[in-house]
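Engineer: Residue numbers (our numbering), protein chains in the order written: chain E, 312 to 516; chain V, 122 to 300.
Among the hints, a few may not be true.
[What the hints assert, rightly or not] Under the rule of at most 30 Å between Cα atoms (straight-line distance), these lysine-lysine pairs were calculated in the DSSO-like manner:
(1) V:K221 to V:K164
(2) V:K164 to E:K510
(3) V:K164 to V:K127
(4) E:K319 to V:K230
(5) V:K127 to E:K512
(6) V:K240 to V:K164
(7) V:K195 to V:K221
(8) V:K277 to E:K319
(9) V:K177 to E:K347
(10) E:K377 to V:K279
(11) V:K125 to E:K512
(12) V:K240 to E:K319
(13) E:K510 to V:K127
(14) E:K429 to V:K230
(15) V:K177 to E:K504
(16) E:K319 to V:K256
[As the list claims (entries may be wrong)] Residues from chain E shown here face chain V by an in silico Cβ test under 10 Å; the list is partial:
(17) W321
(18) H325
(19) T383
(20) Q404
(21) S408
Derived from the structure by calculation, the hints contain no laboratory data.
Bear in mind the structure is a predicted one, so any value in this text is a computation, not a measurement.
A virtual CB, placed ideally from N, CA and C, is assigned to each residue, including glycine.
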Amino acid sequence: MNFDDIQKSWQTQHAPELINKESDKTIVSNLQERTKALQRKIIWTNIMMTVVLCLTSAAFVFILRKGFAPKTMWFDIGLVIMFGAILLSALAQWLKSVPWGNLKADSSSNEYISHTLKSLRFRDTSIRLITPLQMVISTIGLNLIYLDIFWDESWKLRLVMHLALIIVMVLVGGLSLYYSRLRYQELYEPIIKDLEALKSKLRDA
Amino acid sequence: MPDKEKLFEQIVQENRDRLYRICRACMPDPEDASDLYQEVLVKVWLNLHTFRGDAKLSTWLYRITLNTAILHRKQQGKNTEPLPRHIAELPDTTAESLQKQEQEVLLQKLHYCINCLEKQDRLIISLLLEEVSYKEIAEVLGLTVNHVGVKISRIKQKLAMLMEQHVNQETFTENSKKL
């Protein structure tokens, strides 16, 4: 046998598959921990959002409203529309982003994974649909408030103020949605992917 | 970080078999070779940021592999090992696996013979079997190309001799058993 044959035989050897030191059980338990950590984060974000919402509403109703002394009913209508939209969006976040009643279940339960996936995917729906809609309605509410505040001013100033408000809202809204999307991709998507894989494994089993 | 992961995955994908075979040449026992292979991959991952493209990626990988192998062997304190598994221990005896068995036997002989070589010769032959050029072998081992050429010629002769000896020894053993 010549050296070329030896070389050919030698090159038929293949590397073994890398051994994953983590057992399936550890992977599942890690995933469960990560999911629970994310759920805790979601609940904490919801609480903070509620506190901020309450404080802003109080500031608008008890401080700004008194300070501006509304001349027309548009101020109150604007307030109701703006806070109505924010309140409904917050309520939807509370109801849909937490898998109520399934928090204590474990990752070997298909039902738990389905509920968790649904609640995590809601964030995507929220970013794509609910938050932009809420922002548009809030902008309409704020414009109505502006309508009352600048009621006695010239139409030019009023136009400029309304346009400025819309531009600011579009910029703030756009940035907020952009960072929400980034956060979603960083925090939610990896867990959703792993949960989907686990779900499909459970289905196969 | 994801870039590093992607690059690492790509390196592993493209070089895994080659790196494993070099580990296999340095470690006669397949399990030791697998351990060494994993250690090499860990080292590649940890040192990936140090690779600046001055040398060829393959040269860099071979250097890491050979250095890790030398350290690994020192830690194990093992020298020449007997043939890890005997032909008779191979379980499958069906006709279709005969060719595979022959191949396996040849590889076992080869591993045994490589293991009988000097430390540096083992490293050289492991690279030569991967069809690495003389120039690159010289770069990896810090030798001159001429020196590598001379060494390779000697190693090939020695390897051929060892293979022949091994075959003769086996034939002798089998004949003695028959008698």
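Engineer: Hint check: is the beta carbon of Q404 of chain E less than 10 Å from a beta carbon of chain V?
Structural biologist: 30 Å, violated
Engineer: K221 of chain V and K164 of chain V were given as a pair; does the straight-line alpha-carbon distance stay at or below 30 Å?
Structural biologist: 33 Å, violated
Engineer: Within 30 Å, alpha carbon to alpha carbon, are K240 of chain V and K319 of chain E?
Structural biologist: With a Cα-Cα distance of about 23 Å, the restraint between K240 of chain V and K319 of chain E holds, given a limit of 30 Å.
Engineer: Under the criterion that the straight-line Cα-Cα distance not exceed 30 Å, is the pair K177 of chain V, K347 of chain E satisfied?
Structural biologist: Roughly 46 Å between the alpha carbons, so the hint for K177 of chain V and K347 of chain E is violated.
Engineer: Is the straight-line distance between the alpha-carbon of K319 of chain E and that of K230 of chain V 30 Å or less?
Structural biologist: Given pair K319 of chain E, K230 of chain V holds - Cα atoms ~15 Å apart, limit 30 Å.
Engineer: When you check the alpha-carbon spacing of K429 of chain E and K230 of chain V, does it fall within 30 Å?
Structural biologist: 59 Å, violated
Engineer: Using 10 Å as the Cβ threshold, decide whether S408 of chain E counts as touching chain V.
Structural biologist: Result: violated, 27 Å to nearest chain V Cβ.
Engineer: Below or equal to 30 Å on CA atoms is what counts here, so check K277 of chain V against K319 of chain E.
Structural biologist: Holds, at about 15 Å.
Engineer: Can T383 of chain E be said to touch chain V, with a Cβ gap under 10 Å?
Structural biologist: 55 Å, violated
Engineer: Are K319 of chain E and K256 of chain V close enough, with their CA atoms no more than 30 Å apart?
Structural biologist: 21 Å, holds
Engineer: Between the alpha carbons of K127 of chain V and K512 of chain E, is the straight-line distance 30 Å or under?
Structural biologist: 25 Å, holds
Engineer: Hey, does the W321 of chain E contact hint survive, CB to chain V under 10 Å?
Structural biologist: 4 Å, holds
The structure fails to meet hints 1, 2, 7, 9, 10, 14, 15, 19, 20, 21 from the earlier list, while all remaining hints are met.
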